[in-house]
Each structure stands twice: as structure tokens, then as C-alpha cells.
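What follows is the residue order along each chain.
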Amino acid sequence: MEISMYRNKWLGLLLGLFIALAPGIKAADLTSSQTAPAPSEPPKTNSEVLTTYKKMSLEELMNQDVTSVSKQPEPLREASAAIQVITGDEIRRSGASSIPEALRLADNLDVAQVNSHDWAISARGFNANLANKLLVLIDGRAVYTPLYGGVLWNMQDYLLEDIDRIEVISGPGGTLWGANAVNGVINITTKNAKDTQGLYLEAGGGTELQDFTGVRYGGMLTSNVYYRVYGKYFNLDDEILTDGKNASDASEKGQGGFRIDTEPSLPNVFTVQGDIYTGNEDIAAGDERIGGGNVLGRWTHAMSGGSDMSLQAYYDRTHLTYPYGAPLGTLTDDLSTYDLDFQHNFSLGQRNNIVWGLGYRFTQEVENNAHQVLFLPATLNHNLFSGFVQDEIKLFENLFFTLGSKLEHNDYTGFEVEPSARLQWNVTSKQMLWTAVSRAVRTPSRFDHDLNIPTFLPPPYQTFQSGNPDFESETVIAYELGYRAQLGSKISSSISTFYNDYDDLRSLSPGSAADFFLPHEFANGLKADTYGVEISADYQILHWWRLHGGYDWLKEDIYVKSGQTDMNNALDETADPQNQVFLRSSMDLPFNLALDLDSRWIDILHNDNNGVPGTVPSYFELGARLAWRATKNLEFSIVGQNLLQDQHPEYGFPGPTREEIQRSIYGKVAWRF
Amino acid sequence: MEILSSPNQNRPARETFNPLSNFRERRPARFFIFCLWLALFYLGLNEARSQNFSREYPLKAVFLFNFAQFTIWPANAFASPDSPIVIGILGDDPFGDVLEETVDNEQVNGRKFRVERYPHLEDIKNCQILFISHSETSHLDKIIKALKDKPILTVSGIENAANRGVCISFITENNKIRLRINTDSLKLANLTVSSKLLRVSEITPLPAP
Numbered sequence: 000m001e002i003s004m005y006r007n008k009w010l011g012l013l014l015g016l017f018i019a020l021a022p023g024i025k026a027a028d029l030t031s032s033q034t035a036p037a038p039s040e041p042p043k044t045n046s047e048v049l050t051t052y053k054k055m056s057l058e059e060l061m062n063q064d065v066t067s068v069s070k071q072p073e074p075l076r077e078a079s080a081a082i083q084v085i086t087g088d089e090i091r092r093s094g095a096s097s098i099p100e101a102l103r104l105a106d107n108l109d110v111a112q113v114n115s116h117d118w119a120i121s122a123r124g125f126n127a128n129l130a131n132k133l134l135v136l137i138d139g140r141a142v143y144t145p146l147y148g149g150v151l152w153n154m155q156d157y158l159l160e161d162i163d164r165i166e167v168i169s170g171p172g173g174t175l176w177g178a179n180a181v182n183g184v185i186n187i188t189t190k191n192a193k194d195t196q197g198l199y200l201e202a203g204g205g206t207e208l209q210d211f212t213g214v215r216y217g218g219m220l221t222s223n224v225y226y227r228v229y230g231k232y233f234n235l236d237d238e239i240l241t242d243g244k245n246a247s248d249a250s251e252k253g254q255g256g257f258r259i260d261t262e263p264s265l266p267n268v269f270t271v272q273g274d275i276y277t278g279n280e281d282i283a284a285g286d287e288r289i290g291g292g293n294v295l296g297r298w299t300h301a302m303s304g305g306s307d308m309s310l311q312a313y314y315d316r317t318h319l320t321y322p323y324g325a326p327l328g329t330l331t332d333d334l335s336t337y338d339l340d341f342q343h344n345f346s347l348g349q350r351n352n353i354v355w356g357l358g359y360r361f362t363q364e365v366e367n368n369a370h371q372v373l374f375l376p377a378t379l380n381h382n383l384f385s386g387f388v389q390d391e392i393k394l395f396e397n398l399f400f401t402l403g404s405k406l407e408h409n410d411y412t413g414f415e416v417e418p419s420a421r422l423q424w425n426v427t428s429k430q431m432l433w434t435a436v437s438r439a440v441r442t443p444s445r446f447d448h449d450l451n452i453p454t455f456l457p458p459p460y461q462t463f464q465s466g467n468p469d470f471e472s473e474t475v476i477a478y479e480l481g482y483r484a485q486l487g488s489k490i491s492s493s494i495s496t497f498y499n500d501y502d503d504l505r506s507l508s509p510g511s512a513a514d515f516f517l518p519h520e521f522a523n524g525l526k527a528d529t530y531g532v533e534i535s536a537d538y539q540i541l542h543w544w545r546l547h548g549g550y551d552w553l554k555e556d557i558y559v560k561s562g563q564t565d566m567n568n569a570l571d572e573t574a575d576p577q578n579q580v581f582l583r584s585s586m587d588l589p590f591n592l593a594l595d596l597d598s599r600w601i602d603i604l605h606n607d608n609n610g611v612p613g614t615v616p617s618y619f620e621l622g623a624r625l626a627w628r629a630t631k632n633l634e635f636s637i638v639g640q641n642l643l644q645d646q647h648p649e650y651g652f653p654g655p656t657r658e659e660i661q662r663s664i665y666g667k668v669a670w671r672f
Numbered sequence: 000m001e002i003l004s005s006p007n008q009n010r011p012a013r014e015t016f017n018p019l020s021n022f023r024e025r026r027p028a029r030f031f032i033f034c035l036w037l038a039l040f041y042l043g044l045n046e047a048r049s050q051n052f053s054r055e056y057p058l059k060a061v062f063l064f065n066f067a068q069f070t071i072w073p074a075n076a077f078a079s080p081d082s083p084i085v086i087g088i089l090g091d092d093p094f095g096d097v098l099e100e101t102v103d104n105e106q107v108n109g110r111k112f113r114v115e116r117y118p119h120l121e122d123i124k125n126c127q128i129l130f131i132s133h134s135e136t137s138h139l140d141k142i143i144k145a146l147k148d149k150p151i152l153t154v155s156g157i158e159n160a161a162n163r164g165v166c167i168s169f170i171t172e173n174n175k176i177r178l179r180i181n182t183d184s185l186k187l188a189n190l191t192v193s194s195k196l197l198r199v200s201e202i203t204p205l206p207a208p
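Quick note, the sequences are listed as chains A and B, same order. Quick note on numbering that gives the first Met the number 0: the first sequence kicks off at 0 and runs consecutively. Quick note on numbering that gives the first Met the number 0: the second sequence kicks off at 0 and runs consecutively.
Just so you know, these hints were derived from the structure itself, not from any lab. Being a predicted model, the structure only gives us computed values, none of them experimental. Mixed in with the good hints, there may be bad ones.
DEER-style ranges, computed between Cβ atoms [claimed, not checked]:
#, chain 1, residue 1, chain 2, residue 2, range
1, B, S53, A, K429, 42 to 52 Å
2, A, M61, B, K124, 23 to 33 Å
3, B, H119, A, F590, 16 to 26 Å
4, B, E121, A, G666, 54 to 64 Å
5, A, N223, B, E121, 31 to 41 Å
6, B, H119, A, L588, 19 to 29 Å
Even for Gly, the Cβ is constructed at its ideal location relative to N, Cα and C.
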């Protein structure tokens, strides 16, 4: 698809409608002789409760309270980790219009909006400009870029209505998920096509989110095979600079996709899905362009005796065109990823529950280098082999011990091992205490390894800054202790604490004095200790009113190893608040009205500019959403974000040209047929 | 991303750095919002009293749907290979439209579902699962006797239903639902249920005649 097509938003809208409707109409004709597709019911009704119950096993059903003050039944969440789950319903009620905005609902994340389209997101610190310690998966597809090990959040999107849930795990997940799951894992799961039957349309606009529209149609292909197709488009207005000038960072993006699922209760379940997107974004130096697509297939086979296995394969392609200002130049990056994963889960005797898996990933990354920033070699083929095994051992009726490890081989550093041990004690049926020790690694990215910034001077002074071919993986050993409890019928809460011991973090060391300290080269010259507390609580005051509170405290001590030099004075790995406070309220009011409020206080951020410390001031902000369900199928809502201040910065080094985030208000209409 | 643009270049010069320029500006709005939160919280604490939702029948409806997946009926239980699985409700209907909502558009082994309501024992037609409502408590024995060798999975929440000969009884205890299965009644009805279902249930034999 030509990117310039989206220059015209109406063309984009029409295209989206066409993509979504054309196959839908055809299939609707074919299936009309069978059953009519189930209408998507308004959430939080009996039908949503039923949908939740129907996904549960018999054991889970028998654990449900017959009478409950909670509107939404909760499946048992017994994972012994600092996990928070954002449901699709919570996303809808928050008024979030993008995945990063939805991630603000997870108290255990540090989310900062950089400009209109870029975000900095991390868990347990290290939310630096090149944040690289978080693993993000969308339906099992890893979306961090091997270019620098971080996530290009402007590329990650979905029709939010069709997101089932987002699991946010803070803390290492290397044993199950592999490299890069150092400080956390974000698992975004979209709904099964069976649960998105019928037509859904949304449209609206406002001050920052200027125009947006989304459409989805779901139907039945044949008996027991369901599908959906969707399309969406949005454009974002410019933000503003500290000095009041226009930030010139407007953007627009279009995305479409499909998902096909067989009946989920059958012994063999197949899923095929794919997405395609394109967008362009104004940045200081010109026009940044992004685009990509992916296709994924998964086969899950349930065997007798409760064991199951799954086989998943995907292909993912991303494109980035990034212009530079003075001197002019353009970097393009084309990444192709081929990934194959196998997983098998079974019980051994009465006490052991074993899961093991194998994986292979091949990436080809091609740079068309700008002359002032190069990645050498320009084309890199990379192989990643991995295997893991984990055993959950039932020591006593209420005491579980989980031991496992991942073993990976990558072309940069060879073998990496990521073991973990966890202990879970179900103190009562409503209280759980857990503790874990884990090791995780952050394997080198192209940035660490292949970067080359020339000086345009003759040798031996030709290189200003370079990657390091001997760059080692960064490592962490994490110690965690957590407690989760259901206090009475109205309050649920969790507390997680951690102490992380990092080694071999990235530093920038100067060349020899004889060469005027050139080139500056990356090294593994830093160590760090971090510790912190994450608290969250839900309080269902009345059946129509729920409160949620969250608090994070984080302390980071990052220092240069003896015998090493860091030109950034160990400042370049962080831009993190020490304290974060969240408070949210969800109310169902009479006359089919729903009012949601969310507030956050984010502490001062300390960041870095060439070894010079800077700060982002602390801020307090408020969001609100008022929705009116006019009929069963039609909902109007008005959403305000960052309501308290005209503009405030959340990220970036202080100065007159720092980008600030403006108050945003938009209206939205949603139809469900 | 900013970082890709120019690592350690093109950033604002050091002299522009003034961390106190817009630091902690006092805003009355914040205080107002804080008070609002307090007020809301206080209201909530005061008003908080148990307003419980009953999940009994949504849960039981999903159990019935699950039973259909875990039960094998003899071929003669159905009129034809594509006839639906009929869930009957005998007596007063406590489900409302919850049962229909549960099984709408669902299929088990290629069979769709239909829900039927029978006011009295004589109204029962060909059904595969029969939920016996509390309204039938006084003539439960008569119902069991009339249905005992038909391929119908009888289910009831009436006290001691399984011990008296109903195939599966719902027992509500400690605010949870447990299942008790009468394996002799299943045998008489020529029904096979999956071990998955038996594993989570209590088993009881038929009472001595």
C-alpha cells in the first residue's frame, strides 16, 4: 500500500471500510442460511458474565462465588509473579485510543509520552531513550526491534475493541520468554474471532486525536470456523514545545487485518491471523515513515489426560524511513522475521506439571544507511535457537515450587542461560505468598554491536562513536517477594517487592588520549542495584462503583565499574520516576451513563544529556470519560486526557525545544450490530 | 525514535538547562481534585453495604452447557444425526433468557442447542438434558420414576436430588456450586459421562429400593 494514500483521510476511511466490509458481506450471504451471527452484546451484562464463565474449566466454575459483589467474575489468577491484567472492558472504559495509552492502566509500568506519536515505556526502571529491557508480544509475536532492543510503540496498534486483555508482568520472564524479558513482559492478546461476531463501527475526533475511525466485521466461514476482518485509521495533531512553538510532530496511520479461529472447545484449534499497516509522522528533520505486516498461524492440540501442545509460526516485516537534519540524510531499516515455536505442557504423576518448548527465529535486517549514522554490516542475518523446560512441583497441597531454565544461542554472544526458581504458598484460598530468584539477559542489539557514527575526518580519526563487536549481554539476577490477597468480598490487593542486581550494562568509553579520545565505543562498564515496591488494590465499593489505587516506589543505584570509564557518568540508562501514584474510579450511573476518572501523579524524572543531568518535573494529571449507551447497540462517549494543564512534559531533556503534551478531548460514537 | 536520530548530538545546549523553570507550579485545580477524591471515597465508605449479585443461574446455565460437552448419549436419544441437543426446563423457569444466551450459536459435535420449557411432567417431549426446577420438589420421586430408563440427563438443585435418583445434583455450599453424580442413574439412562466431569464431582449410588 502506498503511504501517501493515507494523506487523504477520507480515502483511508473508505479503504478501511472496503477492506472490512467486502469479505464480510460475501460471507454473510453464504452463512445466512445457517445461524445469524451473534450480536456483540454491550459489555458487563449477563452475556459478558456468561462469556467469562464459558471460558472456564469445571474446576474454575466450581470456585466461583454464587453471589458476588463483583460485576465481572474473575478467573483464578494464581501466577506467582508481579502480574497485572488489563481487560478489554477496562481499556474501553478508560477511553484509551492506543496501546500505550491502555498501558497506563498497569500500575507496574512507567509510561511517558514523548511526543504525539512516540512513547517511552518500561518496568522497574531503565526507561532511557533507548529503553531495551522489556519484551512485548502481540498474540505471541515478539515486537521489539533488534535494531536497538526496544519497542517502536508508534508501530504497535490494533482495533482496541478487539483486544481481549493485556497481561503486564514486571520482573524477569527470561525462563519462559527468553532474551530481552529482563525487567518485564507485556502480553497483548486479541479476542478469539468467535467472540467478535457481527459488525462494529467507531468514529470520532477531537483536539489531539483529530479524526479516527475503525470498523470490524466478524462472521462464520463454515460450521466451527469463525473469522473477522478489521480496518482503522487515525491522525494526531501536533504537540507543542516548551517555548510555545508548534512541535511539528503530527502523524497519521492506517491498519487493517484479519483473524480466523476454529471452535475453541475442539481438541484441535487452529488460528490464522495477520495485519498490515502504514503511517507517516512529522519529525523535526522531515517525514518519518513506518509500515509493515505480519501473518501468524497456530495449532493447539489438546490430548487426553489434560496435556496440550502448540505449534506456532509467524512472519513479520517492518519498514522504517528515518530522515536526519543537518547534514541531510535518511536511514531506512527493513526487518524480516521468521519465527517457529513449539510448546508442550503435561503432567507427570500427581505432583509435576511440566512445560517445555523449542524455538527458532531468523531475522534479516537491511539498512540503507544515512551517511552520518551507519549500521555495519548493512545487511545482517541473525539466527536465534532456544529451548526451555520448566517443572511446577506440588510439594504440599498449598505449596508449589517451580524450577526452570531457558537456553538460547544467538550469533552475537553464543549460549545464554536464563534459569529461575519460584515458590508459591497459598496461605488460604484467598491469600497467596510467593518468592522468586531469576536470571535474565539482554542480548546485544545492532546498536550496541554495529553502530558507526563517522567524523568525516581522515584516519585514524574517522569514527566518532562505534558499536563494540565484543559487546556482551547485560545480565540481571532478580530477587522477588510478593503477596496477593482477596480481603473480604470487596477488596483485592497485591504487593510486589524486588531487588535487582545488574551487571555488564552498557557504557560509553573514550578512545586513547593520543587519538583525541576517538572513537567513543560502547562497553559493558556499568553495574546497578535497583529495588522497589509495587502496590495495587481494587475496591468494589458498590456494585456500580469500583475504585482502583496503585503505587510504585523505585530506587536505582547505577555506577561505573572500577577500571572503566563512562562518558555519560552512568546517567544514560535511566529516566525514571521514584514514585508513581494512580487512582481510578469506574461508575455505572442511571440512564445508561458510565463515568470513569483516572488520575496519576508521576515523580520527577532524572535524565541525561552527554553526561549532564537533567530533569522532567513531577506532574499530576487527570483523565475522564463519560459514556451514554443510547440503545443496546449505540454508545456515545466523550473523553478528556491530561485535563489539568494546557501542556506538560513527560519526557526529554529540559530546554526550550522539549516537547510537551497538550490537553486532549475527543468524542466517539460506537455501533455494535 | 529520538535516539536513532543522533546519539549524543543535536541535543539542547547545556546553558538552557534550568530544572526549576516549570517545577511544581501551584495549581488550585489539584487541590480541588484531591478534595473531590476524598469526598467520593468518604461517600463510598458510608454507602458501602452488601449489594450482591446472584450468579446462581448464569453459573448453572454454563454448567448445563458443560454437561452437554461431557456426556455421550446413545444414538436413539436423537431423532436424526443433525437434531439439536434439547435442554428442557421442568416446572417454573428460574433461568429467564440466560440459558438461551448461554447456548445460542453453540455447537457440540455438530449439534446445535434448543431450550424447551415443560410446565408439567406430561409435557416433556424428546429432550437430552432436563433441569428439574425447585417447583417440582413435591413430586420429584414421581418424575424420577417416569424418566429413569430414558436417555435423559436429569439435573436438579433440589436437596438430595442425586441421592434420590437424579443424574446430577447442584449443591450450593459456602457460596460455591458443587456437583454430585449418581452413576447408577446414568447407567439406567444409558449415558456415559467423561472422566473429566466425574473427577470434579462427588459420586453417589442409587438408594437401596
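Consistency of the hints with the structure:
1. S53(B) / K429(A): 42 to 52 Å: 21 Å, violated
2. M61(A) / K124(B): 23 to 33 Å: Between M61(A) and K124(B), where Cβ atoms are some 31 Å apart, the hint holds.
3. H119(B) / F590(A): 16 to 26 Å: 42 Å, violated
4. E121(B) / G666(A): 54 to 64 Å: Given about 58 Å between the Cβ atoms, the range holds.
5. N223(A) / E121(B): 31 to 41 Å: Distance hint for N223(A), E121(B) holds at roughly 37 Å.
6. H119(B) / L588(A): 19 to 29 Å: Violated, since H119(B) and L588(A) (Cβ atoms, about 44 Å apart) do not stay within the stated range.
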